Amino acid sequence: MNGTDSIPADSHTHSSQSPDGENTVREMAERAAELGIKHYTVTDHLEINKFYDEEFLYEEPVRQSSLILPPLIEEFKDKLDLHYGVELGQPLHDMELTERMLKSYDYEFIIGSCHMVRGWDDFYYLDYQKVDPQYLLKLYFEELLEMAEWGKFNVLGHLTYPLRYIEGDFGIKIDMNRYKAVIEEIFKTLIRNGMGIEINTSGLRQKIEAAMPDERYVKMYRELGGEIITVGSDAHCVGDLGKGIAEGIKIAKTCGFDKIYYYDHGKPVSISI
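Under the working numbering, think of the first position of the sequence shown as -4, with each following residue one higher.
Any given hint could be a false lead.
Pairwise CB distance ranges (calculated) [claimed, not checked]:
1) S267 to D116: 25 to 31 Å
2) G220 to E17: 21 to 27 Å
3) K98 to P66: 19 to 25 Å
4) N188 to P66: 29 to 35 Å
Simulated from the structure, these hints should not be mistaken for laboratory data.
Note that the structure is predicted; figures quoted are calculated from it, not measured.
The C-beta atom is built at its ideal place from N, Cα and C for all residues, glycine as well.
Work out the full structure: start from the sequences and follow the hints.
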């Protein structure tokens, strides 16, 4: 890619159908078309363990998204290849609800994410001067492995998400070598189950100044035989759409990938890079 190229894909984005999104789906799609994003996927939050919390009440926004996206996909078809996805957070925290949500909606693309481990708040809200980040990371990677074994999603979202806060915001350096074995097992399980990972570029515009995961883990995934990789800005507003995608693709190429993927009706579609 160079400065004149269009953006081949942005596979992780949020609209105002997410509690923390700023712009409507239409506004996000219009901006994606203006930016020349060829394959654009809206993946609004569905946080299973927060589903019924008064602060969130996901039932109605999730239902509305299922009504908003299909006509927009048709309307924008000559400008933009628009897709209907979801970021499924903490799916193991209420399996009955998760199964109901997956059966109720025809998601084309499912990002499996973990923003908080069982019994703890979102990594975003924790004070790492008062809690042990190494213990939380142990719980986190164990839960990711459990999610990979469950396997009812397409790609694993932002593998190193907690470091965005632990290292980025609090400046606490973590010896990640202690988690190497479990991360390798996560990757092996994803690969065995025909699933992939994403390069989430939001960290490049935050204090951590790194993709999630960064090059060392993308390379590890590749060396273990991983093939499916998506790239997403994790934009929550029109101003962040497409940001870091070029850098994310460069990481993929450096690690030995010659293609990235987006998902069309649940099937991975390759894009040469």
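Checklist entry - What hint numbers does the structure not satisfy? => result Failing hints, ascending: 1, 2.
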